[in-house]
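These protein sequence lines are chains S and Y, in that order.
For the first sequence, the working numbering gives the first residue as 2, with consecutive numbering after it.
For the second sequence, the working numbering gives the first residue as 14, with consecutive numbering after it.
Keep in mind that the hints were calculated from the coordinates and are not lab data.
Idealized CB from N, CA, C, for every residue including glycine.
There's no promise every hint is true.
To be verified - Chain Y is faced by these chain S residues, among others (derived, beta-carbon under 8 Å):
hint, residue
1, 7
2, 22
3, 24
4, 27
5, 28
6, 31
7, 35
8, 49
9, 51
10, 53
11, 55
12, 60
Stated by the list, open to error - Listed below are the simulated EDC-like cross-link pairs for lysine to aspartate or glutamate, each with C-alpha atoms no more than 16 Å apart in a straight line:
hint, chain 1, residue 1, chain 2, residue 2
13, Y, 206, S, 29
14, Y, 180, Y, 193
15, S, 26, Y, 189
Listed below are the residues making up each chain.
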Amino acid sequence: MNAEDIPDQREVWAERLERVRRSQKRADISGMRRPPRDPAERAFLTERGRLGPFPEDPDLPAPAVVRRRRPA
Amino acid sequence: MASDLREQLENVLASGLSEDRLEHAGQVARIAGVLHRAFGEAGLRSTIVGGSAIELHAPGVYLSGDIDLVVERVRRQAEQIEAVFESLGFERRGRHWRIGDLFVEVPSRTLDDPSEFMRVGDAVFEIVRKEVVLADRIVGFRQWEVLAWGQQAIDLLAAFGSEIDEKWLRGKLEHEGSLDALEPLRTLAGNDKPVTEGTLRELLAGLRSKMQR
Chain S
2 MNAEDIPDQR EVWAERLERV RRSQKRADIS GMRRPPRDPA ERAFLTERGR
52 LGPFPEDPDL PAPAVVRRRR PA
Chain Y
14 MASDLREQLE NVLASGLSED RLEHAGQVAR IAGVLHRAFG EAGLRSTIVG
64 GSAIELHAPG VYLSGDIDLV VERVRRQAEQ IEAVFESLGF ERRGRHWRIG
114 DLFVEVPSRT LDDPSEFMRV GDAVFEIVRK EVVLADRIVG FRQWEVLAWG
164 QQAIDLLAAF GSEIDEKWLR GKLEHEGSLD ALEPLRTLAG NDKPVTEGTL
214 RELLAGLRSK MQR
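Looking at chain Y on its own, in the form it has when it is part of the complex (with noise of 0.2 Å):
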């Protein structure tokens, strides 16, 4: 079987990554689907997160150079992650795994956030949720002023509109000090302003000082 899923994994790098938003997601997603296979026949759980979730939930947003995943152990005699990678032609970097224009790293061995699974054609993997994505984007710009992931979240509440469980997403936002960023956020996303760096600084700044008020 792992050398049917190399054979898989071989054939969407062979002309490598696409700079089509849509045929790079999906290509995103039959590495994915590759992936969640491999590991899930080896006793281990693998989830998206990262960019190439937000890529996954929302192409356009980020264009994913690297896959980051979450793998868990679901079995006590699982595989080793090592000889998952290797069996689908990974080469270890340090503590990152390559192969052709794929770079994968895996960050933690234990997911706290809510994931379910999504499927793209024939490829079906497991992917944190979109809220999980959101909520990261909006806590990273308000709490660390990250402008670039405050642009993100816009094109995020953008691209959901009205599909957002508005009450995990508030929830999860409230414990990381955050929620008073999400109405802003979507009235940028919502109309037709122009939206700059001195647009979300400004945001910051009103944030801040109603919070010293």
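Only chain S is shown next, with the shape it has when bound in the complex (with noise of 0.2 Å):
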């Protein structure tokens, strides 16, 4: 495989922050959450003010858990 001949993803990138941008702009996320995270990582996140726009929910699964389980 040569570099040269794989497209610069650069390319799309601009166009879909534009879609994704579009997207947001008309979303209320208020009382979406999200599963909880392992707590070490919660730490580092917090510590670097990156936790993102959705507060954890501890009733959900945590993301290990959605990937191995399936429902019944």
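Please assemble the complex out of the two chains, which come individually in their own frames, going by the hints.
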């Protein structure tokens, strides 16, 4: 595989970002929650102010659990 | 070679990670390129998964604060993962690796999902395909009612438009019992109506009710 044969991803980023911004502009995310993070990851991201817009919900299954289990 | 890669990594991290979406994605890509080369030279194959894969396919949906990497052995005499991280200057904290503002986790040693090579400038690395991250969000929304992932699925559908491998995506969602959520989410991605917690809860309730009929 030659690197030159792979298109540069930056060619699609700007357009996709614009579409994402339009989508997010009409979203009211209050009340939307995400699964809890690993505690070490949460501490690291909190320290750097990088927790993201969605609060964690401790009642949701953690991502690792989501990956392993299948719903009945 | 390790010192060259370590220097490249230090250069990316020297000024901290940017808040600008495209610059941040570019930094993550450069880091991914360094990790891919370092692991590749050690006989290991690394693939970007999780939130950073979302960001690299569609900047703006997710500003990743960490990188999830699946690392597989491709050579019998491959080095240990630990040796590669240490050669790049990472410190181990439990099951995570840290350097500067960067937090890396290796959640798995095997990858079942399809991947592809991605290039961003000079950085080349392997990453799960965009349909994988989209399916992950749709399944999380449909099966576990994670509303944040429903919104991210809408953002991803908006970002990708018609560029999606529908056959693979539909097969995956059908296998995961979540195909019925695809079109309603796509409709939300394609119109101008506001999306709220109530919109997503109503959608889930409608899908549940159809299943019970």
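Quick rundown of the hints versus the structure:
| no. | hint | verdict |
| --- | --- | --- |
| 1 | 7 | holds (4 Å) |
| 2 | 22 | holds (6 Å) |
| 3 | 24 | holds (4 Å) |
| 4 | 27 | holds (5 Å) |
| 5 | 28 | holds (5 Å) |
| 6 | 31 | holds (7 Å) |
| 7 | 35 | holds (4 Å) |
| 8 | 49 | holds (6 Å) |
| 9 | 51 | holds (4 Å) |
| 10 | 53 | holds (6 Å) |
| 11 | 55 | holds (4 Å) |
| 12 | 60 | violated (10 Å) |
| 13 | Y:206 / S:29 | holds (11 Å) |
| 14 | Y:180 / Y:193 | holds (15 Å) |
| 15 | S:26 / Y:189 | violated (30 Å) |
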